[in-house]
Amino acid sequence: MERRKPTLSESESILTVRDLSVEFDVEGGRIRAVDRVSFDLRAGEVLGVVGESGCGKSVTALSLVRLLPSPPGHVVGGSVTFEGRDLLRIPIAELRAIRGKRISMIFQDPMSALSPLHRIGDQLVEAQQLHGEIPTRRAWEVGTEWLAKVGIPDPAERMNAWPHELSGGMRQRVMIAMALMLKPDVVIADEPTTALDVTIQAQIFELMRVLKDAKTAAMLITHDMSAIWEMCDRALVMYAGQIVESAPVRELFQNPRHPYTAGLLRSMPRGPRTGRRLETIPGQVPSPRDYPKGCRFADRCPHVWSLCREHEPELFAVDEEHRAACHLVPEGRKP
Amino acid sequence: MSAPLLEVKGLTTWYPIRRGVWSRTVRHVQALTDVSLAIQEGETLGIVGESGCGKTTLGRTLVGLERPMAGAMLLRGAVLPAGIRPAALQRQVQMIFQDPAAALNPRLTVLDLLTEALAYHGLLTESREATALQLLRDVGLDGAALHRYPFEFSGGQRQRISVARALALRPSLIICDEAVSALDVSVQAQVLNLLMDLKEKYRLSYLFISHDINVVRFIADRVAVMYLGRIVEEGPTEDVIGSPAHPYTQALISAVPAVGREASARRPLGGELPSPSRPPAGCPFHPRCPSAMEICKTAAPPTISKGAQKVSCHLYSRDLSSQ
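As they're listed, the protein sequences go chains A and B. Just so you know, we're using the working numbering here: the first sequence kicks off at 1 and counts up by one. Just so you know, we're using the working numbering here: the second sequence kicks off at 336 and counts up by one.
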C-alpha cells in the first residue's frame with residue numbers, strides 16, 4: 001500500500017467536527033466522556049482514532065451520527081458538519097436519509113448489527129430499498145455481487161443463509177458489504193476486526209483497502225496501534241476524553257510528541273526477544289469524576305512540571321500536519 | 336538432561352456430539368489430537384493459534400479440567416494416573432484465565448480468594464492475613480485490597496489478584512490462557528513484566544496460551560503453533576517466528592500487523608478454518624495451503640526435525656527432498 005501525501009485539493013474536509021462534547025448520566029451527576037473534540041475527516045483518507053478503554057473513541061464515533069443511546073448519553077456541545085449541514089441539529093428524518101447511504105457504519109459485533117430473524121439476502125435488499133427505488137430482483141443481484149466482492153464463497157447460496165449460520169469472519173464481511181454497497185462517502189468502523197483472528201483480520205484489511213480506490217473516506221476506531229500503522233493515513237490519539245495528538249501515521253510512530261503516545265508505543269511488545277522488561281506507563285487513567293485541573297496525563301507523565309498542573313495544554317502545532325496537547329511542544333522538547 | 340517438569344505424549348481430547356433420542360454419539364469435535372510436548376523447569380512455552388485450534392482445550396486438559404481420551408502425562412518423569420484430577424497436579428499446576436471478572440468469585444473478598452485453596456489443602460502455615468498480604472505484595476498490590484471485593488478493582492488489578500491466587504499453592508507451572516488479552520496495552524505491559532519477575536523469583540514455568548504473537552514472542556522461550564487440534568510446528572521462539580517452516584506458521588505470522596513493515600509484505604491466507612468436527616483428511620491444513628501437494632490430501636504429515644524446530648509438513652520429508 002502506498003501512503004499518499006494529501007495534496008491541497010484532497011485536504012478538503014468531508015466531515016468537520018468541532019468542539020464535540022458528550023456527557024453521561026451517572027449516579028449523583030454527570031461525567032464528561034468526550035471533551036471538546038475537533039477534527040477533520042478528509043475525502044479519500046483513512047483516519048485512525050486510537051486510545052485505551054474509556055478514552056472516548058467509541059462514544060465520539062457514535063455521537064457523530066447520533067447513535068449514542070440517550071439517556072444516559074448527551075451531546076452537550078459542538079457540531080458535525082457534512083455537506084454544509086450540522087448532523088447534530090438536522091431533523092432525524094433528514095439524518096436517516098444520510099445515515100446508511102452517505103455515511104455508513106461497521107461495528108465490532110456483527111451479530112448485534114444484523115437481524116437474526118431475516119436472511120442475509122433480505123437484509124441486503126432492504127438496505128438498498130430503504131435508500132432508493134430498486135426492484136427486488138435487481139437489489140438481490142447487487143447484494144449477491146457484493147457478497148462476492150467481500151470474498152464470501154458461494155455468494156448466491158449465502159444470500160439465503162441466516163446470520164447465525166455464518167462464522168464471525170463471514171458475518172463481519174456481510175456487514176462490510178452492507179456498509180459499502182450503497183457507495184457511501186464516509187465509513188465509520190468501530191473495532192471492526194477486534195473479535196476476529198489475525199488471518200481473518202488480514203483478509204478484512206485487504207478488503208477495506210478497496211475503500212481507498214472508491215475514494216471513500218473512513219474512520220477506523222481501534223485500540224490497536226499496529227492496525228493504525230497498517231491501515232491509516234493519519235491518526236488521532238485520545239486520552240481521558242480528549243484528543244492529545246494528531247499526525248500522519250508515519251510521523252506519529254517515528255516522532256511522537258505527546259508523552260502518552262510515546263509511552264503507548266514503547267509498551268507494545270514487538271520485535272525479537274530481548275529478555276528485557278517492557279516499558280510501562282505508571283499509574284492509571286484518572287476518573288472522569290475528578291479530572292485534574294491541568295493536563296490529564298500529568299500524574300503519569302515522566303516530564304511533568306509545575307505548568308502542567310496549572311494549565312491544560314492546548315493542541316500545539318508541531319508542524320502543519322502534526323499537533324500535540326503537551327507543554328513540551330512550545331519548548332521544543334520531545335518526550 | 337533431567338526429566339521435564341511436565342511432559343505429555345499423544346494427548347487426545349475429543350468432545351462427543353450427541354444426536355437423537357438415544358443421544359447417540361454421531362461425531363466428535365476433535366479438539367486435541369495426538370499432542371506431545373514437554374515443558375522444562377523454569378521455561379515458558381508459548382502456544383499460538385487461532386480460535387478453535389485447541390489451545391484452550393490443551394490448557395484445560397493439562398490442569399485437569401478436561402479428561403483426555405488418550406495419552407500420557409508425566410510430572411517430573413512420573414506418570415500421572417489417568418482419571419480424575421490427581422492431587423499432585425492440583426498443587427503443581429495452576430491456571431490464570433482471560434477474564435478475571437469471571438474467574439474470581441464476586442462474593443468472596445480478596446482475603447478469602449487468596450487463602451481458600453491453601454485452607455482446603457491444609458497448607459496454611461501463617462495466619463490467613465499474613466499469607467494473603469505476602470501474595471498481594473508479590474503481585475504489586477497492598478494490604479488495602481484484603482477486605483475488598485473483585486468488582487472494586489480495575490481489569491489490570493483483577494488480573495493481578497488472579498495471579499496472586501495462582502501463586503498461593505506455590506505451583507511449579509502456571510497455565511496462562513489469554514491472560515493479558517483483554518487488557519489495554521499499557522496495563523498489559525505491566526502484567527507481562529509482573530509475570531517475568533515472578534518467574535525469576537519463584538523459578539516458575541509458564542504455558543502461555545495466546546492468539547497474540549507479539550506477546551508470545553516477548554515472553555516465551557519456546558513456542559508451539561497449533562492448527563485444528565494438532566501441533567504443526569514447535570521450536571525456540573526466535574527460530575519459529577523469525578524463520579517459520581510450516582506454511583501455516585508462515586501465513587499466521589505474515590498476517591500479524593507489524594509496525595514498520597509494509598502491508599504488501601503479507602501473504603494473506605485464503606479460506607476459513609474447517610470445522611474441528613470434520614477435519615480434512617491427510618494434512619488438516621492442505622485445503623488452505625499454498626504449497627499443497629497430492630500426498631497432503633491423503634497422508635498425515637510426519638514430524639520432522641529441522642534444526643531446533645520440529646515441523647509436521649510433507650514439504651520437509653526426506654524422501655521428497657531426495658527425489
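Bear in mind the hints are in silico, worked out from the structure with no lab data behind them. By construction, the Cβ of each residue, glycine as well, lies at the ideal position given by its N, Cα and C atoms. Hints are supplied without guarantee of correctness; some may be wrong.
Now the in silico label distances, taken between C-beta atoms and shown as ranges [to be verified]:
1. I352/B - E157/A: 50 to 60 Å
2. L504/B - G275/A: 48 to 58 Å
3. A93/A - A437/B: 49 to 59 Å
4. G478/B - A93/A: 53 to 63 Å
5. S462/B - G275/A: 31 to 41 Å
6. S462/B - R309/A: 40 to 50 Å
Cβ-to-Cβ under 10 Å is the rule here; a few derived chain B residues that face chain A [unchecked claim]:
7. V356
8. S386
9. G490
10. G491
11. Q492
12. A524
13. N528
14. L608
15. S612
16. P614
Far from chain A, by Cβ distances over 10 Å, these chain B residues were calculated [claimed, not checked]:
17. D447
18. R552
19. S589
20. S652
The hint says 53 to 63 Å between G478/B and A93/A; measuring C-beta to C-beta, is that right?
Taking Cβ atoms as reference, G478/B and A93/A lie about 59 Å apart, which means the hint holds.
Just checking, R552/B versus chain A, shortest CB gap more than 10 Å?
violated, 6 Å
Does the CB of N528/B sit less than 10 Å away from some CB of chain A?
For N528/B, the interface hint holds, since the closest Cβ of chain A sits about 5 Å away, which is under 10 Å.
Is the nearest CB of chain A more than 10 Å from the CB of S652/B?
holds, 25 Å
Report holds or violated for the interface hint on A524/B, using the least CB-CB distance to chain A and a cut-off of 10 Å.
Holds, because the Cβ-Cβ distance from A524/B to chain A comes to roughly 4 Å (cut-off 10 Å).
Would you say the C-beta atoms of S462/B and R309/A sit inside 40 to 50 Å of each other?
With Cβ atoms ~42 Å apart, the hint holds.
Taking the closest Cβ pair, is S612/B under 10 Å from chain A?
This hint is violated: S612/B lies away from chain A, its Cβ roughly 14 Å from the closest one there, beyond 10 Å.
Supplied contact hint for P614/B, tested at 10 Å Cβ to chain A:
violated, 16 Å
Is 48 to 58 Å respected by the C-beta to C-beta distance linking L504/B and G275/A?
violated, 28 Å
Return holds or violated for the Cβ distance of S462/B and G275/A against the range 31 to 41 Å.
About 38 Å separates the Cβ atoms of S462/B and G275/A, which means 31 to 41 Å holds.
Assertion that S589/B lies farther than 10 Å from chain A (Cβ)
violated, 8 Å
Once the shortest beta carbon distance from G491/B to chain A is found, is it less than 10 Å?
It holds, given that the least Cβ distance between G491/B and chain A is near 8 Å, below 10 Å.
In this structure, the hints that do not hold are numbers 1, 2, 3, 7, 15, 16, 18, 19, in rising order.
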